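Protein sequence lines correspond, in order, to chains G and F.
Mapping the first sequence onto this note's numbering, position 219 (from 1) lands on 212, and the numbers just tick up by one.
One rule links them: number in this note's numbering = place in the second sequence (from 1) + 654.
Just so you know, not all the hints are guaranteed correct.
[To be verified] Straight-line Cα separation of at most 30 Å, DSSO-like style, residue types lysine-lysine; simulated pairs:
| hint | chain 1 | residue 1 | chain 2 | residue 2 |
| --- | --- | --- | --- | --- |
| 1 | G | 52 | F | 1084 |
| 2 | G | 52 | F | 803 |
| 3 | F | 1018 | F | 1046 |
| 4 | F | 1109 | F | 1084 |
| 5 | G | 52 | F | 863 |
| 6 | F | 901 | F | 855 |
| 7 | F | 1109 | F | 1008 |
| 8 | F | 1142 | F | 1008 |
| 9 | F | 1109 | F | 803 |
[What the hints assert, rightly or not] Residues from chain G that keep clear of chain F, each with C-beta distances beyond 10 Å, as calculated:
| hint | residue |
| --- | --- |
| 10 | 111 |
| 11 | 195 |
| 12 | 196 |
[Said to hold, decoys possible] Chain G stretches covered by chain F per the calculated footprint, using a threshold of three residues with CB under 8 Å from any CB of chain F:
| hint | segment |
| --- | --- |
| 13 | 36 to 45 |
| 14 | 150 to 160 |
| 15 | 237 to 248 |
| 16 | 251 to 265 |
The hints are simulated quantities; they were obtained by calculation from the structure and are not laboratory data.
Please read all numbers here as calculations on a predicted model, not as lab measurements.
Virtual Cβ for every residue (Gly too), placed ideally from N, Cα, C.
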Amino acid sequence: MGQYILRRLLNAIPILVVVSIIIFLFLHMIPGDPARIAAGPDATAQEIEFTRVRLGLDKPLYVQYFIFIRNLVTGNLGVSNRTGMSVASEIGQHLWPTVQLTILSIVWAVIIGMVVGVVAALYRSRWPDVVGMVGSVTGISIPDMWLGMILIEFFAVRLGWFPVAGYGGWGHIIMPSFTLGLGVAAVTARFARTSVIEVLEEDYVRTARAKGLPRRKVIWKHALRNALIPVITMTGLQFGFLLGGAVVTETVFNWPGIGQLLVQSVEYRDYPTVQALMMLFSVEFILINLLVDVLYAVVNPRIQLR
Amino acid sequence: MPAKTKVAILAVAMIAAAGGITACGGSTNSGGSTAGNHAASGSGQNSTGSGTAAGGSSNGVLTVALNGNPTTTDPYDTQDNLSYTIEKTMYQGLLGFDKNMKIVPVLAQSYTVAPDAKSITFTLRQGIKFADGTPFNAEAVKVNLDRAKDPNSHLKRYSLFSMISQVKVLGDYKVEVDLNQPFGAIAGNFAHPAAMMISPKALQEYGSKVAQHPDGTGPYEFVYWKDGSDLLVKQNPNYWGTKTNVKEIDFKFVPDEATSVSMLESGEAQFVFPIPTDQVSSLQSNSDIVVKHTPSIVVDYIAFNTTVKPFNNPLVRQAINYAIDKNGFVQVVDNGFAQPATSAIAPNTWGYAKQPPYDANIQKAKDLLKQAGYPNGFTATLVSSNASGTVKADQFIQQQLQQVGITVNIQPLDSATLDSEIFVPASQSKLQMYFGGWSPSTGDADWGLRPLLTKADFPPTGYNLGFYTDPVVEQAIQAGLDTADPTKRQQAYATAQAQIWKDAPWAFLVVPDNVFAYRSNLQGAYVMPDSTLSLNNASFTN
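Working from the sequences, and respecting the hints, build out all of it.
If you want it as structure tokens, here you go:
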């Protein structure tokens, strides 16, 4: 398996090179002059030119790309146009809150989603199934913005159980992670239900039942383990998306995550930060895909990694 | 190891990891932000932390919810009011503004502008120290101004100091600033928050990185700045003025206005600006909250491209001024929290001269259009930012102009794209109408008119987006700079404003109010006309 992982990591290098070129070109193609923005609304021509030189935007495009790659390879992500802080420290400040939010959201999603999905599958076409699936459609349909504001109104303003917004302890993370996790839970529930129903109709489940195994053992040992595979894939992908930041939820709860950083940086045409974030997202997705493939093998030993 | 056990271990590990992670964030508060605090170089670690102050009580911590993120803490490199709001708690200028934008001495005891407007002399207050202990004196002023006037410092506010030729230290507490041309509005430039004094020691030590190590003479000193989260300041032990019972101010950056309002309601924040005008009535019914609104110095306007048809005809521009019901604009767009504009600058700006109103008059507008050769109106595009309040204004204008046969296509753009549309030379400009607002933060008519309505400020570099120029206006604005005599300056700007009003290079719309709210146990905190906050005299009543 070690060799397999190494090979996958090496394969990632050409992918990242292509990604870096695409990111760089796209960023320079969208309208907006970073020097003009950084210099401010009532800057004079001279001040704008000063800013352009300071940001290195006066250099030819290929030189700028070369500097970007050279810095990347040496682990230097540059300096943000927007705050003047190093991009690495800026991303560091925002990445950790996002990782926390993502993990807790996935925990919500897996717990709620699996319970609802499995129960719905086991009681297929009976009332728990109907309730679960109506709930899941509702969960998918509720906009994060709305859910977030409702949670704030009831649990923060009226009941005072949690703080309205901001970043801090357990109290701060409960509402945003639930807001974010509920949508994922809804999707997870539907995946889990379909998957469990399919597996329950497999021959080996019938065999297991036929040979007189208790129902609980059939479900836990034979059905659920196999039903987990599509759920893991889906959760892994959602994990990747959430790590890219959740702009709406972050905005409503004033959570200092990657999503807010990305939006601000794009608005500000803060090239160094946007480039660094895009590279980070690419690396995250490559690693998560790898992790998902490894998890397959752990869950189902018949899957061999080559 | 059986596969079942593996899955179980995996699941347990995942939950434990999640638990560990959040617990970690909870206990240290700044746990996740050490990378950011390294910018604050250690000083961040002394923080007493700023957990949530539940309810209205605050333990001497004033939490202010601001609608966005600061860009810097270096006044000379700042272009936005939000950053100035924060800087003003740590820094002070030689001069400043009072509640009504009148210039008052702060670190200076007194000042005199030479009659030829070619120099300004300050007598400084004595016995003042910066937060790091460095004494404030004439040398410190010189260090700051030498940096500000040097184009190689690449500071964003260079244009406010570019007219300084030299700074002369006349004594320990006396400085003369010489200008290379007459500049009658110079006192306003020194009252502008961009001219606040930084500790010379900090400047020397940190150079261009001083924005991460702010150090001034203000009542508060820097603790930490976490991007996207908050910036904390605490009482400066060296402060020369009266200290209040506000020990720390925590500026929270809250992008969503509805969230700020909820924070105020729950007591997590004690001061919020801006308050969305449609939320005012619901907040007013809460006895723990005080809502206030005061006039700003912002003028909202539509600029017409005076170089293209049909807007090159003053009759068309006047017709549009008559077609728009300004009182209706106030009610519909600003929910009543604004005043119709009565000149190109707001009443709180120095040099303002009231003009006869363009009262809403559809018939007159139609007659003027007919006279100009457009009896059936025309079609034009209006560009603006894509902020929701702005789009509402666009739609109102669209509806109003429809009544006189002018079809307006609205084009709201994100700020970077908008900039690339409007900051182009006249020959390439496709602009017809632009909706926007301007806040002259020197508080002087010069900064309210010159950057927007003179030839020297045509795009791509200036803000005269409609390429308006008129000899009478050019001359009057220059005359306002050539003297330090307030009466002559006032006359010059009155002439300029009358001519601008008649020529109507803009549709003059409204002067919006600053709407803010705070917990009722807070006093002495307010929003200045220039839309920065004044927090230095804030205190809690319990």
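Item to check | Pair hint residue 1109/F and residue 1008/F, alpha-carbon separation not exceeding 30 Å | outcome: 24 Å, holds
Checklist entry - Between residue 52/G and residue 1084/F, is the straight-line Cα distance small enough, at 30 Å or below? => result 29 Å, holds
Item to check | Residues of the segment 150 to 160 of chain G with Cβ under 8 Å from chain F, three needed, outcome | outcome: Coverage by chain F holds here, the residue count being 7 at a Cβ distance below 8 Å.
Checklist entry - Is the Cβ of residue 111/G farther than 10 Å from every Cβ of chain F? => result 14 Å, holds
Checklist entry - Is the Cβ of residue 195/G farther than 10 Å from every Cβ of chain F? => result 18 Å, holds
Next on the checklist: Hinted pair, alpha-carbon criterion (30 Å max): residue 1109/F, residue 1084/F. Please report holds or violated.
Outcome noted: It holds: about 19 Å lies between the C-alpha atoms, which stays within 30 Å.
Checklist entry - If you draw a straight line from the CA of residue 1018/F to the CA of residue 1046/F, is it 30 Å or shorter? => result 26 Å, holds
Next on the checklist: Please verify the coverage claim for the segment 237 to 248 of chain G: does it have three or more residues whose C-beta sits within 8 Å of some C-beta in chain F?
Outcome noted: holds (count 4)
Checklist entry - Taken at face value, is the distance from the CA of residue 855/F to the CA of residue 901/F at most 30 Å? => result 25 Å, holds
Next on the checklist: Count the residues of the segment 251 to 265 of chain G whose Cβ falls closer than 8 Å to any Cβ of chain F, and tell me whether that reaches three.
Outcome noted: That given contact holds, which follows from 6 residues of the segment 251 to 265 of chain G lying within Cβ reach (below 8 Å) of chain F.
Next on the checklist: Verify this for me: three or more residues of the segment 36 to 45 of chain G with a beta carbon less than 8 Å from a beta carbon of chain F.
Outcome noted: holds (count 8)
Checklist entry - Given the proposed pairing of residue 52/G with residue 803/F, does the C-alpha separation stay at or below 30 Å? => result 27 Å, holds
Of the hints listed earlier, there is not a single one the structure fails to meet.
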